[in-house]
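Following the hints, put chain B in place on chain A, whose structure we already have.
There are 2 protein chains.
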Amino acid sequence: MKISIVKAKSEQDIIDAYALIKELAIYENAPDAVTNPVSLFIEHGLGENPIYKLWLAKHENKTIGMALCFTAYSTWKGKMLYLDDLVVTEAYRRKGIGKLLLNALTLHAKNEAYKLIKWQVLDWNLPAISFYEKFDVTIDKEWYDCKLYEKDYDLFLSK
Amino acid sequence: MKISIVKAKSEQDIIDAYALIKELAIYENAPDAVTNPVSLFIEHGLGENPIYKLWLAKHENKTIGMALCFTAYSTWKGKMLYLDDLVVTEAYRRKGIGKLLLNALTLHAKNEAYKLIKWQVLDWNLPAISFYEKFDVTIDKEWYDCKLYEKDYDLFLSK
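Residue numbers (this note's numbering), protein chains in the order written: chain A, 927 to 1085; chain B, 927 to 1085.
Hints are computed from structural coordinates only; laboratory data are not their basis. Be aware that one or more of the hints could be misleading.
Where chains are identical, the list cannot tell them apart; a pair therefore holds if satisfied intra-copy or between any two copies.
Simulated crosslink set (DSSO-like; lysine-lysine; CA at most 30 Å straight-line) [stated by the list, open to error]:
1. Lys1067 - Lys928
2. Lys979 - Lys1060
3. Lys1073 - Lys1085
4. Lys984 - Lys1067
5. Lys1005 - Lys988
6. Lys1077 - Lys988
7. Lys1025 - Lys1085
8. Lys1003 - Lys928
9. Lys988 - Lys1067
10. Lys935 - Lys1060
11. Lys1077 - Lys979
12. Lys988 - Lys1003
13. Lys933 - Lys1021
14. Lys928 - Lys1085
15. Lys1005 - Lys928
16. Lys935 - Lys1067
Everything numeric in this text was worked out from a predicted model, so none of it was measured.
For reference, chain A alone in the conformation it holds in the complex (with noise of 0.2 Å):
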């Protein structure tokens, strides 16, 4: 099976990614979390100063995989390339597609001098926890997230 890994480019390559986020959050039974609108997603990834970066995964001109990632930085450590999602369509899981889309992102990482690579994982996900470390990736465990969400900012302010 011949798979490609592409930077995406037109129009059509984000509206393909975005078909294949809105699948992984229906399969996790979270439709409604997507909350950014298509329009925006199309607006933020291209143009002079895009936000995010994005790959795909192509079979036969057809989009399969994505990750999707953006420069973020460490204090301590300098620049760092930060993978907020890959996402393999279900049809062609456990073939090596999301090696082929980390190591995509890992020789960007390396041609760019960036840091590190940095995405998180869910703790109940073993299978691929134990898929990281048999890659050399470190996983630290002691972090929470912390979020502030648009709708509380105003409270946040008054506090």
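Relative to the frame of chain A, chain B by itself:
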């Protein structure tokens, strides 16, 4: 005590922030963990497309606190402001300066249409966790951090 919160603008501002980062690393017994050189830290924070945004807390023209963040992206939520580091120098802690810095970020997030602000806290840092909970911050405990460091890129690619 009159504290002003300002956006970092000059090389000296960034050098001041770097000193705070080093101070904290020494306090945490990890001075060698700061491998990001000050020269790169300056380069990444200034110019037309800085990687990070930096706010400083000043008292009588002395920099006594800092908050560093960058634009991140969530496929599900959209544009996100990610706070990497919040530091207040020791003599000025417990005076509400951290909250002033967080307020500046929150105002920025509100004005620039960020959907959320995200950061992390160590699981043993109970005072910080209860501080955040008091201010309507959502704490997610179910994620692990995964990190692939530069020294392991080639090994990862070879497997």
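The hints, checked one at a time:
1. In this assembly of identical chains, Lys1067 and Lys928 lie within 30 Å of each other by CA distance neither inside one copy nor across copies; the values are 37 Å within and 39 Å between.
2. Proximity of Lys979 and Lys1060 under a CA criterion of 30 Å is satisfied intra-copy only: 26 Å inside one chain copy versus 36 Å between copies.
3. Proximity of Lys1073 and Lys1085 under a CA criterion of 30 Å is satisfied intra-copy only: 17 Å inside one chain copy versus 35 Å between copies.
4. In this assembly of identical chains, the alpha carbons of Lys984 and Lys1067 never lie at most 30 Å apart, being 34 Å within a copy and 35 Å across copies at closest.
5. With identical chains, the CA atoms of Lys1005 and Lys988 are at most 30 Å apart between copies only, with a shortest distance of 27 Å across copies and 33 Å within one.
6. Taking the shortest Cα distances, Lys1077 and Lys988 never come within 30 Å of each other, neither inside one copy (38 Å) nor across copies (34 Å).
7. Taking CA atoms no more than 30 Å apart as the test, Lys1025 paired with Lys1085 passes between copies only; the shortest distance there is 9 Å, against 46 Å inside one copy.
8. In this assembly of identical chains, the alpha carbons of Lys1003 and Lys928 never lie at most 30 Å apart, being 37 Å within a copy and 33 Å across copies at closest.
9. With identical chains, the CA atoms of Lys988 and Lys1067 are never at most 30 Å apart, being 37 Å at best within one copy and 36 Å at best between copies.
10. Taking the shortest Cα distances, Lys935 and Lys1060 never come within 30 Å of each other, neither inside one copy (32 Å) nor across copies (44 Å).
11. Taking the closest pair of Cα atoms, Lys1077 and Lys979 come within 30 Å of each other both inside a single copy (27 Å) and across two copies (23 Å).
12. Taking CA atoms no more than 30 Å apart as the test, Lys988 paired with Lys1003 passes between copies only; the shortest distance there is 25 Å, against 38 Å inside one copy.
13. For a Cα distance limit of 30 Å, the shortest separation of Lys933 from Lys1021 inside one copy, 20 Å, qualifies, whereas the shortest one across copies, 48 Å, does not.
14. When the C-alpha separation of Lys928 and Lys1085 is checked against a cutoff of 30 Å, the pair qualifies only between copies, where the shortest distance is 19 Å, while the shortest distance within a copy is 57 Å.
15. In this homomeric assembly, Lys1005 and Lys928 never come within 30 Å of each other (Cα to Cα): the closest approach is 33 Å inside a single copy and 34 Å across copies.
16. In this assembly of identical chains, Lys935 and Lys1067 lie within 30 Å of each other by CA distance neither inside one copy nor across copies; the values are 36 Å within and 36 Å between.
Violated hints, listed in ascending order, are 1, 4, 6, 8, 9, 10, 15, 16; each of the other numbered hints is respected by the structure.
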